[in-house]
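*Asks:* All chains should be built: construct the whole structure from the sequences, respecting the hints.
Protein chains: 2
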Amino acid sequence: NETAKAALGRATWKLLHTMTLRYPEDPSNDERAALNSYFHLLSRLYPCGECATEFQALLKKFPPQTSSRRAASLWLCAVHNTVNHRLHKPEFDCAHLDDEYDCGC
Amino acid sequence: NETAKAALGRATWKLLHTMTLRYPEDPSNDERAALNSYFHLLSRLYPCGECATEFQALLKKFPPQTSSRRAASLWLCAVHNTVNHRLHKPEFDCAHLDDEYDCGC
Ligand SMILES: Cc1cc2nc3c(=O)[nH]c(=O)nc-3n(C[C@H](O)[C@H](O)[C@H](O)COP(=O)(O)OP(=O)(O)OC[C@H]3O[C@@H](n4cnc5c(N)ncnc54)[C@H](O)[C@@H]3O)c2cc1C
Ligand SMILES: Cc1cc2nc3c(=O)[nH]c(=O)nc-3n(C[C@H](O)[C@H](O)[C@H](O)COP(=O)(O)OP(=O)(O)OC[C@H]3O[C@@H](n4cnc5c(N)ncnc54)[C@H](O)[C@@H]3O)c2cc1C
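Going down the list, the sequences are from chains L and E.
Here the first sequence stands for residues 1 to 105, numbered as in this note's numbering.
Here the second sequence stands for residues 1001 to 1105, numbered as in this note's numbering.
Each hint should be verified, as a subset may be incorrect.
Subject to a maximum C-alpha distance of 25 Å in a straight line, what follows is the list of computed PhoX-like cross-link-like pairs (lysine-lysine) [said to hold, decoys possible]:
id: 1; chain 1: L; residue 1: Lys-89; chain 2: E; residue 2: Lys-1014
id: 2; chain 1: E; residue 1: Lys-1014; chain 2: L; residue 2: Lys-14
id: 3; chain 1: L; residue 1: Lys-60; chain 2: L; residue 2: Lys-5
id: 4; chain 1: L; residue 1: Lys-14; chain 2: L; residue 2: Lys-61
id: 5; chain 1: E; residue 1: Lys-1014; chain 2: E; residue 2: Lys-1061
id: 6; chain 1: L; residue 1: Lys-14; chain 2: L; residue 2: Lys-89
id: 7; chain 1: L; residue 1: Lys-14; chain 2: L; residue 2: Lys-60
id: 8; chain 1: E; residue 1: Lys-1089; chain 2: L; residue 2: Lys-14
id: 9; chain 1: L; residue 1: Lys-89; chain 2: L; residue 2: Lys-5
id: 10; chain 1: E; residue 1: Lys-1060; chain 2: E; residue 2: Lys-1089
id: 11; chain 1: E; residue 1: Lys-1005; chain 2: L; residue 2: Lys-14
id: 12; chain 1: E; residue 1: Lys-1061; chain 2: E; residue 2: Lys-1089
id: 13; chain 1: E; residue 1: Lys-1005; chain 2: L; residue 2: Lys-5
id: 14; chain 1: E; residue 1: Lys-1005; chain 2: E; residue 2: Lys-1061
id: 15; chain 1: L; residue 1: Lys-5; chain 2: E; residue 2: Lys-1014
id: 16; chain 1: E; residue 1: Lys-1014; chain 2: E; residue 2: Lys-1089
These are computed hints drawn from the structure, not numbers from a lab.
Model, not experiment: these values are computed from the prediction.
*Replies:* What follows is the structure, encoded as structure tokens:
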């Protein structure tokens, strides 16, 4: 069911981008470890087997960048673009991240 | 911005429910630890400060149930209902979980 897979993907990217864009500007070591673990656990638990396998390979090749909000959000944007490329979707311009994601917090 | 907060919440619940409904029927200790850590990390990183605080309190009161797919998905359904109650939203009938969430995996 491709529609369900796409809807799950959209929901997940939304959470992930909003999360990195609210991640601290200047994180503690503990916050850095939390973000890194979060992505690794998600890649194990993500409920689409094929996507999870690909995601795990991506994280190995491009480990999460956790040193700042900017580093984390640009890293995730690049990772999402790698997935876009594989799925023949257009590349997203990472300069527009802030306009696209509003968490309403 | 309440609209953005609601959209983020909907996206997150979708990922979480789909995840617990694909969680193993008979998880290993390692898989149990992964799911437990995942929820705790999410409650720290969730990009809505008020929601994150409430979520952390909820996890303390109702620790993640990880012994099986059924236990995890019913636990999450109950937790979501607790949030629904606080926000004056209708209670969801947890018997309908399987019909509602399809991951397309
Ligand atoms: C970790 C992960 C792995 C996945 N692996 C697979 C897979 O292997 N096979 C598969 O079929 N599907 C996979 N998916 C789903 C896939 O990535 C899409 O989510 C799905 O196909 C729906 O695509 P979409 O065109 O609606 O846009 P999505 O890719 O879901 O993006 C949603 C919105 O985010 C914005 N956006 C796009 N690119 C970026 C970017 N680089 N940075 C920030 N914002 C951006 C755009 O506004 C876009 O409309 C995966 C999803 C995730 C979260
Ligand atoms: C962890 C977390 C904490 C949150 N805390 C707050 C907060 O403190 N303040 C705040 O304003 N918002 C909070 N939110 C957002 C809030 O829960 C809703 O997501 C948001 O208000 C949008 O609500 P909705 O009516 O669209 O349905 P949602 O509650 O987002 O639910 C989406 C869909 O899931 C289904 N559903 C409903 N209940 C259940 C259930 N029990 N089990 C399974 N499926 C169900 C229904 O089909 C529903 O339409 C939180 C979200 C999350 C993920």
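*Asks:* So, for every hint listed, does it hold in this structure?
*Replies:* Quick rundown of the hints versus the structure:
1. L:Lys-89 to E:Lys-1014: holds, 23 Å
2. E:Lys-1014 to L:Lys-14: Answer holds: Lys-1014 of chain E to Lys-14 of chain L is near 11 Å, not above 25 Å.
3. L:Lys-60 to L:Lys-5: holds, 23 Å
4. L:Lys-14 to L:Lys-61: holds, 22 Å
5. E:Lys-1014 to E:Lys-1061: holds, 22 Å
6. L:Lys-14 to L:Lys-89: holds, 17 Å
7. L:Lys-14 to L:Lys-60: Holds - the C-alpha atoms of Lys-60 of chain L and Lys-14 of chain L are around 22 Å apart, at most 25 Å.
8. E:Lys-1089 to L:Lys-14: holds, 23 Å
9. L:Lys-89 to L:Lys-5: holds, 15 Å
10. E:Lys-1060 to E:Lys-1089: Holds. Lys-1060 of chain E to Lys-1089 of chain E sits at ~22 Å (cutoff 25 Å).
11. E:Lys-1005 to L:Lys-14: OK: Lys-1005 of chain E and Lys-14 of chain L at ~12 Å, within 25 Å.
12. E:Lys-1061 to E:Lys-1089: Satisfied, since the Cα-Cα distance of roughly 21 Å is no more than 25 Å.
13. E:Lys-1005 to L:Lys-5: holds, 23 Å
14. E:Lys-1005 to E:Lys-1061: holds, 24 Å
15. L:Lys-5 to E:Lys-1014: This hinted pair holds, its Cα atoms lying about 12 Å apart.
16. E:Lys-1014 to E:Lys-1089: holds, 17 Å
Against the hints set out earlier in the document, no violation occurs for any number.
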